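Asks: So the chains spell out like this:
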Amino acid sequence: MAFAVYFFIGWISIICFFVQKKKLSVVENTVLFLCVLIVNLNWTWLIYEELGFITYSHDTWNFIAYLIKRSIVIPLIVLISLNFGRTDASLFKKLTHIIVSSLVILAVTSISHYLKVTTVKDWSILYDFSYYVALHIFGLLIHKWYQTYIVEKENEVLTR
Amino acid sequence: MIWIGKFDINEISLLIFTVAAYLFVVFSPKKLRREITCMSLLWGISTGIVYDFTIGGGLLDLYRENDTNHYEFFDLVYYALYGPFGYAFMYFYEVMKIRKRTFGYYVAGWALFGVLAQWLFTILHIITYQNNYSLPFAFPIFLFTQSVTGLFYHYVSTVYPNKKLMEKEKIQTE
Chain A
1 MAFAVYFFIG WISIICFFVQ KKKLSVVENT VLFLCVLIVN LNWTWLIYEE LGFITYSHDT
61 WNFIAYLIKR SIVIPLIVLI SLNFGRTDAS LFKKLTHIIV SSLVILAVTS ISHYLKVTTV
121 KDWSILYDFS YYVALHIFGL LIHKWYQTYI VEKENEVLTR
Chain B
1 MIWIGKFDIN EISLLIFTVA AYLFVVFSPK KLRREITCMS LLWGISTGIV YDFTIGGGLL
61 DLYRENDTNH YEFFDLVYYA LYGPFGYAFM YFYEVMKIRK RTFGYYVAGW ALFGVLAQWL
121 FTILHIITYQ NNYSLPFAFP IFLFTQSVTG LFYHYVSTVY PNKKLMEKEK IQTE
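For the protein sequence lines, the chains are A and B, in the order given. Per our numbering, residue 1 is the first one in the first sequence, and the count goes up by one each step. Per our numbering, residue 1 is the first one in the second sequence, and the count goes up by one each step.
Derived from the structure by calculation, the hints contain no laboratory data. If you're wondering where the values come from, they're calculated on a predicted model, not measured in any experiment. Note that beta-carbon positions come from the ideal geometry of N, C-alpha and C, so glycine has one too. Possibly wrong hints are sitting among the right ones.
Unchecked claim - In silico DSS-like pairs for lysine-lysine, Cα to Cα no more than 27 Å straight-line:
| id | chain 1 | residue 1 | chain 2 | residue 2 |
| --- | --- | --- | --- | --- |
| 1 | A | Lys116 | A | Lys153 |
| 2 | B | Lys97 | A | Lys153 |
| 3 | A | Lys22 | A | Lys116 |
| 4 | B | Lys31 | A | Lys144 |
| 5 | A | Lys23 | A | Lys116 |
| 6 | B | Lys30 | A | Lys144 |
| 7 | A | Lys23 | A | Lys93 |
| 8 | A | Lys23 | A | Lys144 |
| 9 | A | Lys153 | B | Lys31 |
| 10 | A | Lys153 | A | Lys121 |
| 11 | B | Lys100 | A | Lys153 |
Said to hold, decoys possible - Pairwise CB distance ranges, derived in the manner of DEER restraints:
| id | chain 1 | residue 1 | chain 2 | residue 2 | range |
| --- | --- | --- | --- | --- | --- |
| 12 | A | Glu50 | B | Pro140 | 24 to 34 Å |
| 13 | A | Thr159 | B | Phe103 | 51 to 61 Å |
| 14 | B | Gly104 | A | Lys93 | 44 to 54 Å |
| 15 | A | Lys121 | B | Gly104 | 46 to 56 Å |
| 16 | A | Phe18 | B | Thr122 | 37 to 47 Å |
Using the sequences and the hints, build the whole thing.
Replies: Below, the structure written as structure tokens:
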């Protein structure tokens, strides 16, 4: 059941990203996806494996569902949020996108607890929400860094 | 979670490999744009991390990095070492002017090189196989990974430069 649900959520995420009108280039999207993926993998490893605040199911199909959520769904939802709206959107609008997107990921996380893909030991959903908001802000900062130190420097070389 | 563990052959060789690999990235003649260089390094690092946290840990737990199955500082150095591999793949793709006809040979060559690197890592105790995993299994994994990397880079290099060339022309006309 959990595998089917998460496979569907993963598929929906990919389709949404595919059809979305993107404001970032393919390379920018790849860089952001990989950065968010790296942070999310390390975070989940620390929380699940090292500190044991949450545990995952040892059933094979449920574990695959957990992998789909960790490696595909969460980074893609963050990426969809970062591509959403206009480049010159106000801070309030950007913040609204981040909060809505974080709530969507929180709903996906709640489904994983409900379907026993993951089990909470010593953790609060508020920590999860804070982490998801921080993950979006990290994405925005990486994008800012990428624009300043990679794209603009490259354009300087091109104009020489 | 431990800090370093026992500082011996695996830690020393990891440091040497990683420094040498990043020196190659810094001092090799520039063939890739900064955006692609950044993407290639991240691609390499994240590929390593995805595999290590998926088949190298969790339910499968097919291999151990460095001294323990837990997170340690030199695991980060090991992940960083994957970055220049991603860069080298895309760098030599350009240097050797890989096209459709040579794509298969190039990917297979990298897969063999990956297996060779894994073999070296096992000798140096950077990687220790467990749960019935052995070196031959690494070949299909590398073959799959390098194929995906090659196809993705082929797609990026056909889509991205056109836009950049247009920008360059636009800048020059201004």
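Asks: For every hint, state whether the structure bears it out.
Replies: Here is how each hint holds up against the structure:
no.: 1; hint: Lys116(A) <-> Lys153(A); result: 48 Å, violated
no.: 2; hint: Lys97(B) <-> Lys153(A); result: 26 Å, holds
no.: 3; hint: Lys22(A) <-> Lys116(A); result: 35 Å, violated
no.: 4; hint: Lys31(B) <-> Lys144(A); result: 25 Å, holds
no.: 5; hint: Lys23(A) <-> Lys116(A); result: 37 Å, violated
no.: 6; hint: Lys30(B) <-> Lys144(A); result: 24 Å, holds
no.: 7; hint: Lys23(A) <-> Lys93(A); result: 15 Å, holds
no.: 8; hint: Lys23(A) <-> Lys144(A); result: 14 Å, holds
no.: 9; hint: Lys153(A) <-> Lys31(B); result: 16 Å, holds
no.: 10; hint: Lys153(A) <-> Lys121(A); result: 47 Å, violated
no.: 11; hint: Lys100(B) <-> Lys153(A); result: 32 Å, violated
no.: 12; hint: Glu50(A) <-> Pro140(B): 24 to 34 Å; result: 30 Å, holds
no.: 13; hint: Thr159(A) <-> Phe103(B): 51 to 61 Å; result: 34 Å, violated
no.: 14; hint: Gly104(B) <-> Lys93(A): 44 to 54 Å; result: 48 Å, holds
no.: 15; hint: Lys121(A) <-> Gly104(B): 46 to 56 Å; result: 48 Å, holds
no.: 16; hint: Phe18(A) <-> Thr122(B): 37 to 47 Å; result: 40 Å, holds
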